[in-house]
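Single-letter residue listing:
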Amino acid sequence: MNDWIVEEWLDQEPRLRSSIAIPIESPDLAAEEIGKRAADPRFVQVLLSTGGESGFGVRRYWPIYAAAAAAGLPIAAHTGGLEQHRGAGWPSFYLEEHVWNGNTMASLLVSMLCEGVFDEFPTLQVVCVEGGIAWAGPLMWALDEAWPQLREDVPHLTKPPSEYIREHVWFTTQPVEEPDDPKHLETALRHIGMNDRIMFASDYPHWDFDSPQQAPKLFPAALRRDIMGANACRLYGLPEREVAA
Amino acid sequence: MTAVQTAVIDTDVHCSPKALSDLAPYLDPYWRGYITEGGIALSPTQGGAYPPAAPTSGTPAATSVEQLREGFLDVAGTQLAVLNCTTSFHCNRNPYYEAALCRAVNDWLVAEWLERDERLRGSMVVPTLDTDAAVAEIERIGDHPRIVQVLLPVRTDAPWGNVRHRPLLRAAAERGLVVGLHAWGRIGNAPTSSGMTHTYLEDYLANSQIIVQGQVTSLVTEGVFTQLPDLRVTLLECGFSWLPTLLWRFDKDWKGVWREVPWLDAKPSETARRHLRLTTAPAQLPSDPVQVREALDLLDGGSMLLYASDHPHDHGTGGERLLAALTDAERERVLGGNAADWYRLA
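Here the protein sequences come in this chain order: X and C. Sequential numbering of the first sequence, starting at 11, is according to this note's numbering. Sequential numbering of the second sequence, starting at 2, is according to this note's numbering.
It should be emphasised that the hints constitute simulated quantities derived from the structure, not laboratory data. Even for Gly, the Cβ is constructed at its ideal location relative to N, Cα and C. Careful, some of the hints might be misleading.
To be verified - Here are the simulated DSS-like pairs of lysine-lysine, each with C-alpha atoms no more than 25 Å apart in a straight line:
| no. | chain 1 | residue 1 | chain 2 | residue 2 |
| --- | --- | --- | --- | --- |
| 1 | X | K227 | C | K256 |
| 2 | X | K193 | X | K227 |
| 3 | C | K256 | C | K268 |
| 4 | C | K256 | X | K193 |
| 5 | X | K193 | C | K268 |
| 6 | X | K227 | C | K19 |
To be verified - Derived DEER-like restraints, expressed as beta-carbon distance ranges:
| no. | chain 1 | residue 1 | chain 2 | residue 2 | range |
| --- | --- | --- | --- | --- | --- |
| 7 | X | Y246 | C | E333 | 49 to 55 Å |
| 8 | C | R165 | X | S221 | 40 to 46 Å |
| 9 | C | E333 | X | E177 | 37 to 43 Å |
| 10 | C | T227 | X | C243 | 31 to 37 Å |
| 11 | C | D289 | X | C243 | 46 to 52 Å |
| 12 | C | P45 | X | Y246 | 50 to 56 Å |
Generate coordinates for the entire structure from the input sequences, incorporating the hints supplied.
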């Protein structure tokens with residue numbers, strides 16, 4: 011698949027960069043593939059799903075993170091993959107499943123935190139792709155509220171969990187939450203405090219995709235330039251294009 | 002500033018039998034034999050939900066009304082308390098035993114608690130594996146004047162909005178009983194989309210994020226509130242600060258895929274706000290008081306929240322930050338007025 015991406019996409023169109031596809035449940039083979047592709051600068055991240063056979067913090071996945079950290083590549087966790095019982099049982103409808111999807115991201119981050127991934131790989135960056143953003147504030151409040159009481163349970167977490175999230179996590183925009191009053195989104199983003207880690211994603215060609223022409227209106231004016239490009243350039247080490255005023 | 006004495010209604014106070022022997026008078030001989038011969042015990046930690054050494058578990062729940070009275074109600078000055086006994090949430094998978102256990106818990110709750118202290122109201126429990134048996138139990142005891150709620154675990158085999166559960170919800174709604182979804186429940190099912198957790202922190206957080214949000218999306222999407230317009234649902238010990246952002250996404254997605262669920266006759270956020278209330282413990286809020294206030298505004302906390310001590314559990318300092326951020330009028334509503342209206346506690 012990665013060969014096909016190189017030959018039929020990256021070699022054909024200079025504006026494209028790609029994620030490295032990996033056999034997620036075979037972490038040793040995944041690490042090998044990451045090592046093999048890392049020399050090609052057009053591969054800018056490693057693609058993970060949000061649902062797996064185990065929580066993605068579990069140690070058996072760590073070879074993936076070791077290889078990504080060694081190559082200086084972020085892990086991009088994209089909504090999808092296996093969906094196990096999730097405590098309440100499976101949804102009946104697409105709407106129900108889609109609305110809840112921020113939680114697949116939340117459980118991935120909580121698993122990585124609780125299992126100590128961010129302590130083991132202090133440079134590792136994780137991009138939450140297609141999971142929304144606004145849920146991250148309440149999740150960080152919940153983590154920070156519980157952590158002082160349950161520290162004995164997670165001795166490797168030496169500072170409030172929200173600090174790890176602010177140092178290791180990035181978000182892509184689609185499907186960004188859209189409250190009736192756009193100011194509410196601005197408030198939620200301010201609570202999260204990670205505006206330098208939010209990157210535009212159109213999610214083309216899905217039904218709910220955001221066109222690059224219309225999308226900037228969804229975001230607070232002061233953040234548009236960063237979200238629409240500058241943040242991604244920083245994460246992926248891409249040159250920023252000068253835009254005519 | 003004069004201190005205002007607000008009548009406090011506490012919507013989540015726990016009690017528990019010491020052991021199955023407390024329930025023996027309420028079980029028939031067959032089940033007493035089943036328990037003895039099968040070596041069945043009642044888990045004092047509710048199967049890992051409240052590990053004794055975890056600070057969040059607090060002290061064990063009161064096991065007698067005298068203990069609760071002296072150790073809590075008299076000290077806290079509570080006007081009314083809703084008792085929640087979650088002992089039956091941790092049960093084996095014998096549906097007949099689960100039903101018998103729930104009947105025993107309910108009879109014990111009525112006889113040994115509700116009828117022995119004027120301040121107490123109670124949640125009845127129902128079996129989760131047999132909807133007909135749950136309905137029968139609501140018919141048997143749901144009209145007791147002190148029973149105000151049907152208590153369900155938030156962790157289930159299938160979400161509560163699922164059509165297989167509808168008769169249970171209908172039976173509660175017909176009697177004007179609130180349905181309460183309370184943290185924990187069956188722990189045999191993985192609480193994430195990626196399987197089992199390895200730490201208690203992860204498991205604990207799953208209640209207030211992953212699982213309860215799954216239940217809310219299920220109840221609204223499946224059209225439960227369209228079909229049962231009088232149904233009221235309280236989310237207990239499941240947090241509350243996550244609700245606004247979930248509803249933003251819910252409304253947005255509904256605008257896109259409403260054709261899948263033509264029975265939804267209003268915006269999901271409006272339906273959720275009309276039919277749901279949430280208890281105040283755990284209060285998972287920012288540390289900055291200004292942001293706490295903003296979070297409460299996004300939620301409309303003054304209307305949506307019902308005060309709960311969650312005695313004897315201890316979820317940290319968020320509850321104090323919450324009460325400090327409310328206006329006097331809101332505080333009065335959260336501490337008592339909202340619960341009085343919601344549970345029809347005249």
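Structure-based check of all given hints:
1. X:K227 <-> C:K256: holds, 18 Å
2. X:K193 <-> X:K227: holds, 12 Å
3. C:K256 <-> C:K268: holds, 9 Å
4. C:K256 <-> X:K193: Status holds; Cα separation ~20 Å.
5. X:K193 <-> C:K268: Status holds; Cα separation ~20 Å.
6. X:K227 <-> C:K19: violated, 59 Å
7. X:Y246 <-> C:E333: 49 to 55 Å: With a Cβ separation near 53 Å, Y246 (chain X) and E333 (chain C) satisfy 49 to 55 Å, so the hint holds.
8. C:R165 <-> X:S221: 40 to 46 Å: Holds, since R165 (chain C) and S221 (chain X) (Cβ atoms, about 41 Å apart) stay within the stated range.
9. C:E333 <-> X:E177: 37 to 43 Å: holds, 42 Å
10. C:T227 <-> X:C243: 31 to 37 Å: violated, 48 Å
11. C:D289 <-> X:C243: 46 to 52 Å: violated, 31 Å
12. C:P45 <-> X:Y246: 50 to 56 Å: holds, 53 Å
The structure shown violates the earlier hints numbered 6, 10, 11.
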